[in-house]
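A.B. asks: Just so you know, the sequences run in chain order A and B. The numbering used here applies: residue 1 is where the first sequence begins, and numbers increase by one. The numbering used here applies: residue 1 is where the second sequence begins, and numbers increase by one.
Just so you know, not all the hints are guaranteed correct.
Identical chains blur together in the list; that is why a pair holds if it fits in one copy or across any two.
[Claimed, not checked] Here are the simulated BS3-like cross-link-like pairs (lysine-lysine), alpha carbons at most 27 Å apart as the crow flies:
(1) K260 <-> K328
(2) K46 <-> K240
(3) K15 <-> K45
(4) K15 <-> K54
(5) K240 <-> K20
(6) K260 <-> K284
Keep in mind the hints are simulated off the structure, nothing from the lab.
Listed below, chain by chain, are the residues.
There are 2 protein chains.
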Amino acid sequence: MNLQDFLIPPAESAKRSGPKDMIVMTSRIRLARNLKDSAFPGWAKKAERVKTMKAIVPAVESLPSMKGCFSESLDNLSSIDKQILVERHLISREHAAKGAGSGLVFNKSESVCFMINEEDHIRMQCLLPGLQLNEVWAQINKVDSRLETALDFAFRDDWGYLTACPTNLGTGIRVSAMLHLPGLVLGEQINQIIQSVNKLGLAVRGLYGEGTEALGNVFQVSNQMTLGEAEEGIVERLNKVLSQIIEHEENAREKLMEQKPSVLMNHIGRAYGTLSNSHIVSSKETMNLLSFMRLGIDLGLFPGISRTVVDELFLITQPAHLQTQFTKKLGADERDLRRADMLRERLKNVDRPLSQLPPDGDSEETA
Amino acid sequence: MNLQDFLIPPAESAKRSGPKDMIVMTSRIRLARNLKDSAFPGWAKKAERVKTMKAIVPAVESLPSMKGCFSESLDNLSSIDKQILVERHLISREHAAKGAGSGLVFNKSESVCFMINEEDHIRMQCLLPGLQLNEVWAQINKVDSRLETALDFAFRDDWGYLTACPTNLGTGIRVSAMLHLPGLVLGEQINQIIQSVNKLGLAVRGLYGEGTEALGNVFQVSNQMTLGEAEEGIVERLNKVLSQIIEHEENAREKLMEQKPSVLMNHIGRAYGTLSNSHIVSSKETMNLLSFMRLGIDLGLFPGISRTVVDELFLITQPAHLQTQFTKKLGADERDLRRADMLRERLKNVDRPLSQLPPDGDSEETA
C-alpha cells in the first residue's frame, strides 16, 4: 500500500474545521498500553518485538473504526514517508527512527492512529480539528475498550495500566491541544501564560512535542500526571484551562488591535511581503511568517482568501511534504529555494493585506 | 528666504543623471580655504567669526556662478532645515551644529555650496551626479580662482593653503565619490576592496562622511593626502581607482547573476516585499532595503519603474525630509510609522519583481 496515495491530500486536510479552530488547531488524546507478560519495546530483543507486533496488528486492524486502514511495518517505509507521518502528527519523531519490529496503523480520515512498539507496545491516538476533546475522548475510549476485549493489557488494580515510563503509569493518557497563540506572543504575555499553565500541572511544548520549539507561534498544552485522576477529570481540567487560554489569546488580539494596531499590521504585512517575494526561505521562517498571515486572515485583513490557504501551506512547505513534489532528492539548500518558489506561486494572486483593520466585529469568531 | 522653497524638489533632484550613475551616485570636490590674519573658526571668539563671515559672504555671493544663490547665517535656520541640508549633502553634520558666526551659501542647482566657519573659514564644494570628477574639478577650480581675487587666503609658498587641521594643509582638497556597491557587499568582496583602496592612500567612509556607517551599501571614497601632489594628480588618481571599483562592482553583479541568482533575487524580492508592506520601518532599514530595490532596477527586474523612484525615496524617507511632510513635530516612533505609510503608498502600484533575471544584456549600462 502506498502511503502517499493513502494520505488525505494536504488541500483537503487543510479544509477540516472544528469549534474554535481560529485558535485551537487540533485536539488529541493518546493512550499508552502494553501487553501482559511481554517485555517493553526498549527492553525486548527484536524477535520479541516482532512477536508482540504480530499479536497487536491484527487486533487493531479488525477494529470497526479501522476499516480500510493503512497498516505497515516501519522497515517498509522510506525515510521520507516517515518524515511525512511526523509532519502530519501521526507518529512521533522517536517512532520515525524505528525499523523492523515497530509499525503503525491509521484509519482513512487520519483521526485514529496506532504506533506499535514505540516506547510502549501500543500508543493509540485520536486527533480531530478544533477544540473537541470530549469527542476525541469518546472515540479513543471506545477504541481502547474494544481493543481490550481482544488483547490482554498489562494492568494492576492498584497502579492501573503499566507503562515503560513511570510518567505514563495509571491511565496512560495524554490529553493535548495544539494552540495558535500569535496574540500572546506579540503581546509578550506568553511566558506568563506558560508559567501559570505549568503551575496547574500541565505542560506547554512546541509544535512536535517534547523538547521542540514553538515554531509559528504554535504551542501544545497537555496534562503531565496520569496517575490518581480519572480520564474524564483530566479531560475536563484541560478543557477548562484551554478555554481560559483561548480567552487570553482573544483578549491579547483585541488589545493589540486597540493599542498597537501598527505593530500588529507591521508583523502581518512584512510576513505577507516576505512570503510572497522571497527566493530562499527555511521551513522555520516559513512557519513563523505563515503564523502572522493566519492571524491577518483571522483579523479580516485578507478579505479574498480563506484560512485553508495558509493551513495547506503550513503542511506542504514542511521538508518531507515539499520533497514529495520532486522526483530528485533535494538537499536543505535546494528545499529552501523550492519552498520559496512554491510560496511565491501560491501567493501571487493574493492581494496585499488591507492597510487598516476592519471595523470591530468584522473579524471571524471573536465573539 | 525660505530654505525649503529654494531647494530642488526631491522628485526633480532624483532625476538628475550623470555618467556611470548606476554605481557612482555623485562626484564631489571640496576645497578648504582660510583668510590671512584671522583666527581659525575653532579658535576665534564669536565676534571674530562674525567678522570673517561678513568678509566672506559678499565675496561669495558676488561670484557669477552663485547668482540667485541661497545665503543664510546658521542661527537663522531651524534644526529641521539644517538636517535637510545634511541629508542633501550640502553641509556636514558638524556644520549643522553651529549657529551665529557660521553660514552657508549655495547656488540654485545645489551644485556649488559654501560652508562658512565650519572647521575652516571656507569650505567650498562642487557636487554633480554620476562620475564626473573632471567637470567637478573644472567648476570648483574656477570658483576658487575667482574668489581668490576678492579674498586674501592664508597661503605659504612652501606649505600651500593653510588649514585648521594639518590633514588638509597644502591643496586643501578632498576629492570624493559616493558609490552604490551592493554587488560587492553581497559578494562579500567589499572588505577586500576597502583594504586595497586604503593601501592606495584613499579613505572609504559611510554615507555621511567620516565616522558614519555605510547605510544602503553606499560608500564614499576620497583622497587622504592633500600635501605634495597637485590637484589634477589627485583627481586623476581617484578617477583611476574609481573606474577599477566600478569594474569590480560590475563583475561582482555579473558573478552573482551567474553563480548565485537566487541569493540576489532573494535580497531584492524581500526588500521590495518589506518596503511595500511594512507599517513600521526605520530610516536605516529603509536605506538598506532601497539599496536592493535600486539593484533590482539596475538588473532589469522591475521593468515598470525607473531608478528615480527609488532615488527620490532615498531622499524623502530620511528623517528631516519626512518631517517636512507634516506640520506636527514627529518623534522617532511616529516617523517610523509615517515612513512606512509613505513607502506603501509610493510602491502600491509597483509590480512584484520578475521571478527570473532577464537574459544577458538587458540590464542597463552593464556593457
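A.B. asks: Now tell me if each hint is right for this structure.
C.D. replies: Now the hints, each set against the structure:
1. Taking the shortest alpha-carbon separations for K260 and K328, only the inter-copy value of 21 Å comes in at or below 27 Å, while the best intra-copy value is 46 Å.
2. Neither within a single protomer nor between protomers do K46 and K240 lie at most 27 Å apart by alpha-carbon distance, with minima of 43 Å and 75 Å respectively.
3. Taking the closest pair of Cα atoms, K15 and K45 never come within 27 Å of each other, the shortest separation being 43 Å inside a single copy and 78 Å across copies.
4. In this homomeric assembly, K15 and K54 never come within 27 Å of each other (Cα to Cα): the closest approach is 36 Å inside a single copy and 79 Å across copies.
5. Proximity of K240 and K20 under a CA criterion of 27 Å is satisfied intra-copy only: 14 Å inside one chain copy versus 68 Å between copies.
6. Taking the shortest Cα distances, K260 and K284 sit within 27 Å of each other both inside one copy (26 Å) and across copies (22 Å).
Violated hints, in rising order: 2, 3 and 4; the structure is consistent with all others.
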